[in-house]
Amino acid sequence: MDILNKTVEEVASIARSGEVSVKEIAEQTINAIKQKDSKIKAFVHIDFDAVIKRSEELDAKKDKSGVLFGVPVAIKDNMNMKDTETTAGSKILSGYISPYDATVVEKLKNAGALIVGKTNMDEFAMGSSTENSAFFNTHNPVKPEYVPGGSSGGSAAAVKANEAIASLGSDTGGSIREPAAFCGVTGLKPTYGRVSRYGLIAFASSLDQIGPFGKTVKDTAIMLNAIAGFDPRDETSVQTEKEDFTELLGKDIKGKKIGVIKEVRDFELQEEVKNSFNDTVKALQNAGAIIEEVSIPHLKYALPVYYIIAPAEASANLARFDGVRYGLKVEGKDLRETYEKTRTEGFGTEVKRRILIGTFTLSAGYYDAYYLKASKVRRLISNDFEKAFSKVDALILPTTSTTAFKLGSITNPLQMYMNDIFTIPISLAGLPAISIPSGKDKKGLPIGMQLVGKWLAEKELLQIAYAVEQELGGKNGI
Amino acid sequence: MEYKPTIGLEIHVQLATKTKIFCGCSTEFGAEPNTNVCPVCLGLPGALPVLNEKVVEYGTKLGLALNMHINKTSTFYRKNYFYPDLPKGYQITQYSIPIASEGFLEVKTSKSKKKIRILRGHIEEDSGKSIHTGDITESEYSYIDFNRSGVPLMEIVTYPDIETAEEAYEFLVLLRKTVRYLGVSSGDMEKGALRCDVNISVSKGETLGTKVEIKNLNSFRSVRRALEFEINRQIETLKKGGKIVQETRHLDERTGETKPMRTKEELNDYRYFPEPDLPPLILTDEYIEKIKETIPELPNEKEERFVKEYGISEDYAHEITASIEVAEYFEEAAKLTGKPKEVSNYLMVNIMKFINENGKNIKEITFGAKEFKELLDLIDSKTISKNIAKSVLEESLSSGKTPSQIVEEKGLKQITDTGEIEKVIDEVIKENPKPVSQYLNGKKQVMGFLIGQIMKKTKGKANPKIASKILIEKLNALK
Numbered sequence: 000m001d002i003l004n005k006t007v008e009e010v011a012s013i014a015r016s017g018e019v020s021v022k023e024i025a026e027q028t029i030n031a032i033k034q035k036d037s038k039i040k041a042f043v044h045i046d047f048d049a050v051i052k053r054s055e056e057l058d059a060k061k062d063k064s065g066v067l068f069g070v071p072v073a074i075k076d077n078m079n080m081k082d083t084e085t086t087a088g089s090k091i092l093s094g095y096i097s098p099y100d101a102t103v104v105e106k107l108k109n110a111g112a113l114i115v116g117k118t119n120m121d122e123f124a125m126g127s128s129t130e131n132s133a134f135f136n137t138h139n140p141v142k143p144e145y146v147p148g149g150s151s152g153g154s155a156a157a158v159k160a161n162e163a164i165a166s167l168g169s170d171t172g173g174s175i176r177e178p179a180a181f182c183g184v185t186g187l188k189p190t191y192g193r194v195s196r197y198g199l200i201a202f203a204s205s206l207d208q209i210g211p212f213g214k215t216v217k218d219t220a221i222m223l224n225a226i227a228g229f230d231p232r233d234e235t236s237v238q239t240e241k242e243d244f245t246e247l248l249g250k251d252i253k254g255k256k257i258g259v260i261k262e263v264r265d266f267e268l269q270e271e272v273k274n275s276f277n278d279t280v281k282a283l284q285n286a287g288a289i290i291e292e293v294s295i296p297h298l299k300y301a302l303p304v305y306y307i308i309a310p311a312e313a314s315a316n317l318a319r320f321d322g323v324r325y326g327l328k329v330e331g332k333d334l335r336e337t338y339e340k341t342r343t344e345g346f347g348t349e350v351k352r353r354i355l356i357g358t359f360t361l362s363a364g365y366y367d368a369y370y371l372k373a374s375k376v377r378r379l380i381s382n383d384f385e386k387a388f389s390k391v392d393a394l395i396l397p398t399t400s401t402t403a404f405k406l407g408s409i410t411n412p413l414q415m416y417m418n419d420i421f422t423i424p425i426s427l428a429g430l431p432a433i434s435i436p437s438g439k440d441k442k443g444l445p446i447g448m449q450l451v452g453k454w455l456a457e458k459e460l461l462q463i464a465y466a467v468e469q470e471l472g473g474k475n476g477i
Numbered sequence: 000m001e002y003k004p005t006i007g008l009e010i011h012v013q014l015a016t017k018t019k020i021f022c023g024c025s026t027e028f029g030a031e032p033n034t035n036v037c038p039v040c041l042g043l044p045g046a047l048p049v050l051n052e053k054v055v056e057y058g059t060k061l062g063l064a065l066n067m068h069i070n071k072t073s074t075f076y077r078k079n080y081f082y083p084d085l086p087k088g089y090q091i092t093q094y095s096i097p098i099a100s101e102g103f104l105e106v107k108t109s110k111s112k113k114k115i116r117i118l119r120g121h122i123e124e125d126s127g128k129s130i131h132t133g134d135i136t137e138s139e140y141s142y143i144d145f146n147r148s149g150v151p152l153m154e155i156v157t158y159p160d161i162e163t164a165e166e167a168y169e170f171l172v173l174l175r176k177t178v179r180y181l182g183v184s185s186g187d188m189e190k191g192a193l194r195c196d197v198n199i200s201v202s203k204g205e206t207l208g209t210k211v212e213i214k215n216l217n218s219f220r221s222v223r224r225a226l227e228f229e230i231n232r233q234i235e236t237l238k239k240g241g242k243i244v245q246e247t248r249h250l251d252e253r254t255g256e257t258k259p260m261r262t263k264e265e266l267n268d269y270r271y272f273p274e275p276d277l278p279p280l281i282l283t284d285e286y287i288e289k290i291k292e293t294i295p296e297l298p299n300e301k302e303e304r305f306v307k308e309y310g311i312s313e314d315y316a317h318e319i320t321a322s323i324e325v326a327e328y329f330e331e332a333a334k335l336t337g338k339p340k341e342v343s344n345y346l347m348v349n350i351m352k353f354i355n356e357n358g359k360n361i362k363e364i365t366f367g368a369k370e371f372k373e374l375l376d377l378i379d380s381k382t383i384s385k386n387i388a389k390s391v392l393e394e395s396l397s398s399g400k401t402p403s404q405i406v407e408e409k410g411l412k413q414i415t416d417t418g419e420i421e422k423v424i425d426e427v428i429k430e431n432p433k434p435v436s437q438y439l440n441g442k443k444q445v446m447g448f449l450i451g452q453i454m455k456k457t458k459g460k461a462n463p464k465i466a467s468k469i470l471i472e473k474l475n476a477l478k
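Chain order of the listed sequences is G and V. Using numbering that gives the first Met the number 0, the first residue of the first sequence is number 0, and each one after it goes up by one. Using numbering that gives the first Met the number 0, the first residue of the second sequence is number 0, and each one after it goes up by one.
A portion of the hints provided could be inaccurate.
Unchecked claim - Facing chain G, a subset of chain V residues (Cβ under 10 Å, in silico):
| no. | residue |
| --- | --- |
| 1 | Pro-38 |
| 2 | Leu-85 |
| 3 | Ser-141 |
| 4 | Tyr-158 |
| 5 | Phe-272 |
| 6 | Asp-276 |
| 7 | Tyr-345 |
| 8 | Met-347 |
Said to hold, decoys possible - Chain V regions said to be covered by chain G (calculated; three or more residues, Cβ under 8 Å):
| no. | segment |
| --- | --- |
| 9 | 41 to 55 |
| 10 | 462 to 468 |
These are computed hints drawn from the structure, not numbers from a lab. Here the structure is a predicted model, which is why all the values come from computation and not from measurement. Backbone N, C-alpha and C define an ideal beta-carbon position, used for all residues, glycine too.
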């Protein structure tokens, strides 16, 4: 039985029944990785012996009730896993073995998941193509000369290539949704605070959020069930009642109001993306939803606001990588030179660029004009969304304005930043959003549509996404 | 016109919580290096801070005790700078809105009483500690102990209201008393639980002079010495037509001189910005009220009350209230015996001496209020003299026996039997013909010697009043 083309639910039930042992699932997964990953390069750290050992432990377990029992799950390399190399795609952490488990890793383990390995990513999650990984490029499983998107490119590619059933990524300005769109998988960025960040190597703390990739909406919902919840170790995690995110899947969405953002029209879209957007709107209408136009007047400020706030936070978050306690250390003649050499060698160009931007915008005399102003505009953007959500239940917009681009084709950082133009505003507002496959362009590259939900309304968001997925179903061969 | 110093203090008070400010590690002092550490206080990638509620409680308490306003919403910031003992590359501290602002302490000096205003009190985390083998310039390695990393601090910043080294000293003494009364800090400067930086300038007119900072003063005496030296240095420099350089200096403990720090002077830009890992700290009125109710009578209040209520001297009241344990000890004994003045005397002279000499704590001695009453009753009933009482007290302090036990065992009961005393006096007169004749010739001073002889023979047990009355009678009869 080929396990790897199955869904989370299917694999868990097969493993639970004992029809296929977890060890066998592990072996199939390892074979798939061995076969495919030399070309895709989704994984950056993987220890097959450890995977086998974990599978045996799972087989020995009496309690097989975990929602992810025996399900091979890959995790992005910025999540700490005890006794495992954790590098966040950076040379500065090369060889760093984490002494502790991130909360999500603990939760995956508790849910019975078979954690397969760490996936490739843009260094410290800064990038939109995974080309900023200090180690190597990851290839889009649909067309290997194309990027998988980023920064969670490895996690998206692993699912698309059937090297794992599901995976975890992190999304700061689009790092789950954009690679999901580029690879043709489903990626969910939960509400900020829905999933604990404890153990996630921080890029921009006020924006970072962990979320799942899956083949289907339901897979991401089950994954969210496993990882969501208040964590006393993360003060920004939200106190909520336990919810079942699959509860509303399949319930009809008749009468749901879906907003189309007027200002999105100001941006140029690739022809096929535009068509796919229209198709998706039609699919929503077919399912009984009502489409309304809403306005996010400050939408165009989202990108500049993001590129002030995120680098500012990053400049502080990355200060700990100084060669003193762990990670790369390049000795200089004195302390200062040791810092300089370590960080010069340890960080890549994009990371350095953002540290410099952040350091500059926080400097005395500039703080008010940049960071403080950006924080205020961020508030305005949030308010815009709040207003829109007083009228509608969800929003629809393309995840990206284009499909995936060729490896090495974008060298201008500003052009690269434009990839996240539709995902960043939602991150600034802290809202949940999901990217689902909605079609393909002429070259056969996947297109992704983004649905945005109300604050903490993942259940309803997933319900709507599921309905769209069903409507689009056969047509796109998903 | 005279030069006038302007001094402000920045004091770090280590809050005596059991665990650190943002993680569950122990704050125990003196543990093996790097044993009280975890991913959070080591700044490992991915770790996040969680605010310790006890720190908020202590910070609020101290703020209130320093007559400060408690801000119902305060925020945490990141203060960014690179240093090996700062594991995250930033310190989490409060910046624009601290937990407490605008307060004062009223400080007494030999000359006056004065309100020293306090600008702010903010809570923050301590850094680790760099350790060098020998001198920093010669040490081959720097070692870092992160046990201190994340230990909670409250930084108290005064207005530049202080004008003398004595005022600065007294402010610190009162602050230490206050934190100890509240139980929010040990206040031990030697253990780094109180650390003081001072800012000082001198000027003749309204315009302030150039400010010099003196850092890392680790004892009350150092603060005083550093200020005395620095005030003098600045005035002398200006008088000679020199200029004060804005700089950071440190005190050379050996010579008592302040010297410029050898570190490179850089203009530090800490790039403060709101800590995204911690939401604003919000306190309710009810919470603040609840904390207010837990604040005990503070040192100044207690001191004034002791003078008023018990009629003891201001100096004694000041010294007794220096420690809440001593103050409580005094009050219990004063109440039970009804003789506060006597209690204050024996306490400050004999008991404190015993405690200091034996390195004891007032709580460790067995001589309590009950024993105090016993002792004073023995004097009252003329069973023992005041002289004997002192030795009984000392014996009781060191042996732990009760005063009556000691009097009994050693037969120290005062002799009031006139017949017995007369017998001794007769002997003394007989054995000392020379002093006796001197007395009879009008040299009254020999009385003391003769009384001394009587006491010697009775081992101090003769009632001195009765003895001297009989002696005078007997001597007069010889005339």
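Now for the hints, and whether the structure bears them out:
1. Pro-38: holds (5 Å)
2. Leu-85: At about 9 Å, which falls below the 10 Å cut-off, the nearest Cβ of chain G leaves the hint on Leu-85 (chain V) intact, so it holds.
3. Ser-141: Hint holds; Ser-141 (chain V) Cβ to chain G Cβ min 8 Å, cut 10 Å.
4. Tyr-158: violated (24 Å)
5. Phe-272: holds (5 Å)
6. Asp-276: holds (5 Å)
7. Tyr-345: violated (54 Å)
8. Met-347: violated (50 Å)
9. 41 to 55: holds (count 10)
10. 462 to 468: Violated, because only 0 residues of the segment 462 to 468 of chain V bring their Cβ atoms closer than 8 Å to Cβ atoms of chain G.
Against the hints set out earlier in the document, violations occur for numbers 4, 7, 8, 10.
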